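Could you put together the complete structure from these sequences and hints?
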Amino acid sequence: MLVQVRGIVEAIGKDWVRLDLNGWVIQACVPPSVLARARVGEPLTLHTTLVARMEGHGLVLTLYGFAEEDERELFEQLLTVNGVGPRAALALLGLSAPTLRAAIAQEQVDVLRRAPGIGPKTARAIILHLKDRIRVLPAPGVPVPRADDTEIIAALTALGYSVVEAQAALAHVPPDPNLPLEEKIRIALRYFARPTR
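For what it's worth, our numbering labels the leading residue of the sequence shown as -7, then goes sequentially.
Simulated from the structure, these hints should not be mistaken for lab results. For clarity, every value in this text was computed on a predicted model and none was experimentally measured. Just so you know, not all the hints are guaranteed correct.
Unchecked claim - Subject to a maximum C-alpha distance of 20 Å in a straight line, what follows is the list of computed EDC-like cross-link-like pairs (lysine to aspartate or glutamate): (1) LYS123 x GLU65; (2) LYS113 x ASP102; (3) LYS123 x ASP62; (4) LYS123 x GLU68; (5) LYS113 x ASP124; (6) LYS123 x ASP102; (7) LYS6 x GLU157; (8) LYS6 x GLU34; (9) LYS123 x GLU99; (10) LYS113 x GLU99.
Written out as structure tokens, the structure reads:
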């Protein structure tokens, strides 16, 4: 079982990173938390899970990588819910693991529905299936989700950026509660103006 990889970032895509592991190059689908910290030419550690699925007449293996062990564990728990595949689970992790755990524990359907592709039926199924199994962890060093996050993501997606891109930009916005929403959006937009990674 492949549970962790360390390598040098060779390339970064919309929802993936490619790592050079001493001559072996792997590509992993990743959530925004990884995209926010990945830099080409720099080392990166991923907590991984390998998902196998039948496609056509063959077996397709896809590697998923996460910044923290907790994200990987939550991803695997989400895959046990009927109707939640890897793409939906990855989209849900765009909300951040602490936010996702709290939303499930507190039965907040509206929070889960913020993830692309998650409707009310799927959100309720996730809550029903996982609410008694989910651990709500204290998250030292992880910022508390900000009230403006949804508005910032909505503004960026309205400008044509994908949700994944918007979430990566959001990770660069300081958590200052006194900063006006408009300024936070300007800071997030600067993320896209920087040189390519």
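(message) Tell me the numbers of any earlier hints that the structure contravenes, in ascending order.
(response) none
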